[in-house]
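*Asks:* Protein chains in written order, with the numbering used here: chain B, 1 to 405; chain X, 1 to 405; chain G, 1 to 327; chain W, 1 to 327.
Hints were generated in silico from the structure; no laboratory data involved.
All the pointers check out, no bait thrown in.
Mimicking SDA-like on lysine to any residue, the simulated pairs with C-alpha atoms at most 25 Å apart in a straight line are:
id, chain 1, residue 1, chain 2, residue 2
1, X, Lys208, X, Arg238
2, W, Lys254, X, Asp400
3, B, Lys208, G, Glu46
4, X, Lys131, W, Thr108
5, X, Lys210, W, Ala110
6, B, Lys131, B, Pro179
7, X, Lys209, W, Leu45
8, G, Lys39, G, Pro185
With the Cβ distance kept under 10 Å, some of the chain B side facing chain G (calculated, not the full set):
id, residue
9, Tyr171
10, Pro179
11, Met184
12, Gly199
13, Met206
14, Leu207
15, Gly225
16, His228
17, His237
18, Val393
19, Asp400
20, Ala403
Stretch-level coverage of chain B by chain G, calculated; a stretch enters the list once three of its residues show a Cβ under 8 Å from a Cβ in chain G:
id, stretch
21, 160–169
22, 192–198
23, 208–220
24, 382–391
Idealized CB from N, CA, C, for every residue including glycine.
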Amino acid sequence: MAEKKTKGKKKTATAEAVTESAAESQETGRTTGEGAAPTGEAKEDFQALQRRREDLALDVTRAFPDKYRISGEMEGCSDAAKIDLLERLVRTRTFDARMRRLFRQGRFEGTYYSQIGQEACDVVIAAQLEKTDFVGPSHRDLGASVGKGIPLTALAAQVYNRVDSPDGGRYTACHYWHPEYWVMQPSTSIMMNWIAATGAAFGFKMLKKKGVAVAFGGDGATAHGDFHEGCNFAGVHRLPIVYIIQNNLWAESLPLSLTTALTDLAHRADAYGFPGVTIDGNDVISVWNTTRKALQRARGGDGPTLIEMKTYRWFGHSDIDPADYRSEDEVEDWTERDPLPRYVAWLMENEVLDEERLEGIRQAIRQEVEQAVEFAEASARPEPEAFLSEVFVHEYPGFDVRAGR
Amino acid sequence: MAEKKTKGKKKTATAEAVTESAAESQETGRTTGEGAAPTGEAKEDFQALQRRREDLALDVTRAFPDKYRISGEMEGCSDAAKIDLLERLVRTRTFDARMRRLFRQGRFEGTYYSQIGQEACDVVIAAQLEKTDFVGPSHRDLGASVGKGIPLTALAAQVYNRVDSPDGGRYTACHYWHPEYWVMQPSTSIMMNWIAATGAAFGFKMLKKKGVAVAFGGDGATAHGDFHEGCNFAGVHRLPIVYIIQNNLWAESLPLSLTTALTDLAHRADAYGFPGVTIDGNDVISVWNTTRKALQRARGGDGPTLIEMKTYRWFGHSDIDPADYRSEDEVEDWTERDPLPRYVAWLMENEVLDEERLEGIRQAIRQEVEQAVEFAEASARPEPEAFLSEVFVHEYPGFDVRAGR
Amino acid sequence: MAAITYIDAINRTLHEEMRRDDTTFLIGEDTGIYGGVFKATRGLLEAFGPERVIDSPISESLIAGMTVGAAMVGCRPLPEIQFADFISPAFDQIVQQLARYRWRTNGTYAMPVTIRCPWGGGVGGGVFHSQSNEAWFMNVPGLVMVAPSTVRDAAGLLRAAIRSDDPVLYWEHKKLYRSIKDDLPEGEEIVTEIGRAHVAREGGDVTAITFGYLLHETLKAAEALSGDGIEVEVIDLRTLLPLDTPTILESVSKTGKAVVIHEAPKVGGIGGEIAAILAEECFWELDAPVRRLTGFNTSFPAAKTMEDYYMPNAGEIAAALRATAET
Amino acid sequence: MAAITYIDAINRTLHEEMRRDDTTFLIGEDTGIYGGVFKATRGLLEAFGPERVIDSPISESLIAGMTVGAAMVGCRPLPEIQFADFISPAFDQIVQQLARYRWRTNGTYAMPVTIRCPWGGGVGGGVFHSQSNEAWFMNVPGLVMVAPSTVRDAAGLLRAAIRSDDPVLYWEHKKLYRSIKDDLPEGEEIVTEIGRAHVAREGGDVTAITFGYLLHETLKAAEALSGDGIEVEVIDLRTLLPLDTPTILESVSKTGKAVVIHEAPKVGGIGGEIAAILAEECFWELDAPVRRLTGFNTSFPAAKTMEDYYMPNAGEIAAALRATAET
Ligand SMILES: Cc1ncc(C[n+]2csc(CCOP(=O)(O)OP(=O)(O)O)c2C)c(N)n1
Ligand SMILES: Cc1ncc(C[n+]2csc(CCOP(=O)(O)OP(=O)(O)O)c2C)c(N)n1
Ligand SMILES: [Mg+2]
Ligand SMILES: [Mg+2]
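Sequences are here, hints too, so could you generate the full structure?
*Replies:* Pasting the structure below:
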């Protein structure tokens, strides 16, 4: 432990560079380190992964021993695509950290749901999708939207509940979506997106359209009946869908041990007859390779895959939650497993990236984020009455939206 | 297959004797046969059983090769208890067959849900319970009530919806229950009993009462969200409960392959961190030994067990269903696996039972059933207004049960 | 031209509309192989195959909720809830997701979903096969509910619902399935406008407002009263949500008196909303208290003696109408 | 004696009643370790341990449904639904099982279960954290619903609900949690009788019927009107189901005029049932149409501009009361 902490303190310029905006939001340092040998896990196939689950412990330290480094190869990923992915990750992180600060400054109402720490889990798969593939995000999936290419302006307007959000400010802040990018509007109500994405996958199949669906959910969400009904149906009909569980060990204040008697939530898939795998959700390479295979399975007619990604949210459930139910050690251990510097270090080792290029990316994205903030702040607050429409498509003689006033 | 059928035709006097009343209801013969060697399965522990699941096929013919015979030992079961169990089985079968006939004769309204063929699945565990253990039956669990000792008179009155049923005829026919015997009133709505039994198990634990709960459900019911929420909670809290799935291959007209992508539903338990086992639900010895162990686990604080029992309903979903969605071969194959003659033959081989005693049992039970029928038919139809009470415990100034008339 | 039953009208319309629009699909329990527990979906699996006629697992939340995603990618889903009583596990998906999705997305998506719900008492089914639970949905913005009372409307409202771009709960009354018949010309595309009530009988003395099976009891009662010189105007609601306020107000403004009749318990039933509309919007034209004749404030009982007593009948309806007319 | 808030009153009563009766237990999401997302259950885990204070998985159907079995074996369960908006996944268990179980078993079992539901708008939460969904349950026989509007009733109705042998939905208004205070003597066992409404203000010109946060807006409106010589009688419903018909009728018989005020959309809201009772049972005493002032017939919007517009306020209430009084 002591040794680990020492390691944690050895920040490299690279790590600081990438996570600067996040670091602004809290004191914990993010690091890369000289780590152990490659696990080679990303190269294993699903069968092997499934078998390996038996050996993984909840203590991810044991399962994924190298906190600071990642290794292996990203299958079928060009250098340009690797950089593009990096940009999406940095964009997500930078936007998120900026929003946290703006919230603390009281620039928008309500609360803010930070995803910092979990970006790899949804950015990496979203970046691989076609525009008309369907994404069913949950309440903490900024990365799904950024990963799929939704402009930050629309996302910032959503945070601010302004007229330029896709719903004109009537729906809920931080619930990112965009019809043009086929990211559905997440329900606050847990697992509705899971069922809807299952329905979309069914629709693709029924209409004989190409297209896959991706659904996101948390560890806590897997206890909900709709998790079961969705997965079961998808298994029976071999639907083109990838289910992703971001197991960040907590559901608000509920520790994993009160959500499940399992060690690894990928076992939930055993009940549905399709593969379930557990991976390090903070390892971009592992996430890339696993989601890539799952998408291939979906596109190839082989049915659903459930991927459990071990990850962590650095901050509270939302930004009004001090998250004091977690130990400092746990938080520190996990913030050290920051997916971004690990990926950056790997890119640099492989000479896909250098400091200069990284700096350029950072600068550009910072600007992009600032523009998005300006855009959102300049966007009008909705007219008070602007929500008095679109209850129905058709008109009905007895319906008056204003009848109560 | 041809050979199987030949075997099926070799009825023994014993088999006919036990199932005579059932045979009255349809032409298919029930048989015992000279079978293969004991599988020894009942002696395996849960770990082993779980591993063996991998080898079981949906085709129970392969999994449980001996249709006609059972073997092994019933652990901790005295000869008297074995005979007592036989009586409960015969009582269930005889009552059920009689009700079917009465329904066809138009002696009561509505419909009738026959359990014939599945008796071992619920009689055997119910017979092992203390009176204050909690039973949460489903819509096809006559045997849970008979097994737990509810008098046939009350059950017949339930079929007839007469005043002498525990609910005075206001609740639904064939939904057997009795408060004194701690058999809860099943909801027609699938899996509500599963959740209620889970709550009862929680209550036992919370109140530090001895007592276990047993919940019954069908293969089809396992697709419902409440199946998941109940099992998951029980797993997290290691509740004293035994979950039994009677996998009779059909949920009304829905074949198993449209309920699940699994071969064996016991795998559903893998999602909850407690053991799930698959057994031949028509093998009384196997059911006895497995449920006995599961009850010991529950009583010993080791938490839940899910037991999948492969079984078959001989007749329609209810007696107005011709069940023509099933093949004749399938029905014949399964009716040959009748749990009763297999048990009877084993008892005789082991000299616990002889023809004379069996005949005595049959006679006595027939009389008991006739008395129950007489009782139900003599029981008054409820007063038309008798349901206008017990909406609330307390009185409220604004509540009038008759306000609408 | 042979007369067909209410359930035949449903079955025929499903066939026709599924043939017409290959983005439609059916999903429900026992809807395929079995053709539905009431046989309403008979022949559809054979006609359209297992891709479009889904025998669903026992998962009502999925059945209702999956339609939202399916609709977003271009389908027109036709889920069936086997008995209306089992709509409660699907309640969450219907009221929070399906009904509100258009509004939430600021009009981006339509939800052209028709959920068929066999409802109503009088069929010997006890509490889980007899409920009239339409009132649960009355306070849910974005939802449409229709309830045909005739063979013609069974076809016409179903076609209108399927073609509608709003989510519709279609309440089909089990007791009407085979008890009424009508001549529906094959090939005629009957469409009953959603949102409009129907004056099933004209009269000037008192307005009876009802729907479903009880329309027929009410018409009987009206005939009986006519002999005594009391002329009842009978409104068949057809659409329960949004209610056709103009038609209701017009009739009651004329008669000055109203009785609302439904099977569900009185407290919180849809009769309350109708009586409230009258108390608010045609108060000055009312000449008598608005009466509600309904089921009892209990669950639905099983034994035949009790069930017969529970169901309002023509005699009781006539008495209520007469009492109001004579106020 | 220090004044305590509405949420303190809830917290204190939970402590007292759990101490008093060791068959009680709490189950809900984030109710233990976190003390509830609003801190209503603060300190209970420490006081009563993890056997009696359960941090449940995200399984609302289980949370509500498990109480039925627990009650049967002798417990007095106190489930919490984190936001009333998330009661819909539990709807099935509540309306089909919990509410009806006593009736179904012919009175064999009582269901002494109190489900706490934080509800209401005006807290910046958008459609899933602002709903007023009490009307969904109005047509469910066997269920009781209470909704305290004051600190005293927050304690008194909660204690009465916990001790009641009927299943009670206890609607606690989020906007009142910390916005109102009262002196509640420590140790006094405040009990507010269930089934009785409270005349919160007497007046002879018009009756305002409301509950929850809007009671306070209504009282403000009444004060304002009093200056103009219009005396409003304000009824705080306290119990929503079964409604206290006698108290409502007595007041409206006196004033001859009534306005019902609630947050939920008008169509199908509980105002309909109340207006219907008036139209049926004190028609002859009514001197003006029964008006309903309610939320809009939409879902609840998020942006502050819209939210402010959605919530009825004292000004609008005063205008409605004045218009009715002057009819
Ligand atoms: C049906 C429902 N119940 C409760 C909630 C309140 N709630 C919002 S998020 C959350 C925890 C989610 O935990 P998890 O699924 O692990 O996702 P995470 O927040 O960790 O990303 C809860 C209980 C909800 N939104 N919906
Ligand atoms: C929630 C709900 N949905 C649908 C039904 C209608 N239904 C009654 S029994 C049944 C099939 C049950 O199949 P299974 O669980 O396999 O039990 P089995 O009848 O085979 O014993 C169905 C769909 C119901 N009772 N409850
Ligand atoms: Mg989580
Ligand atoms: Mg079955």
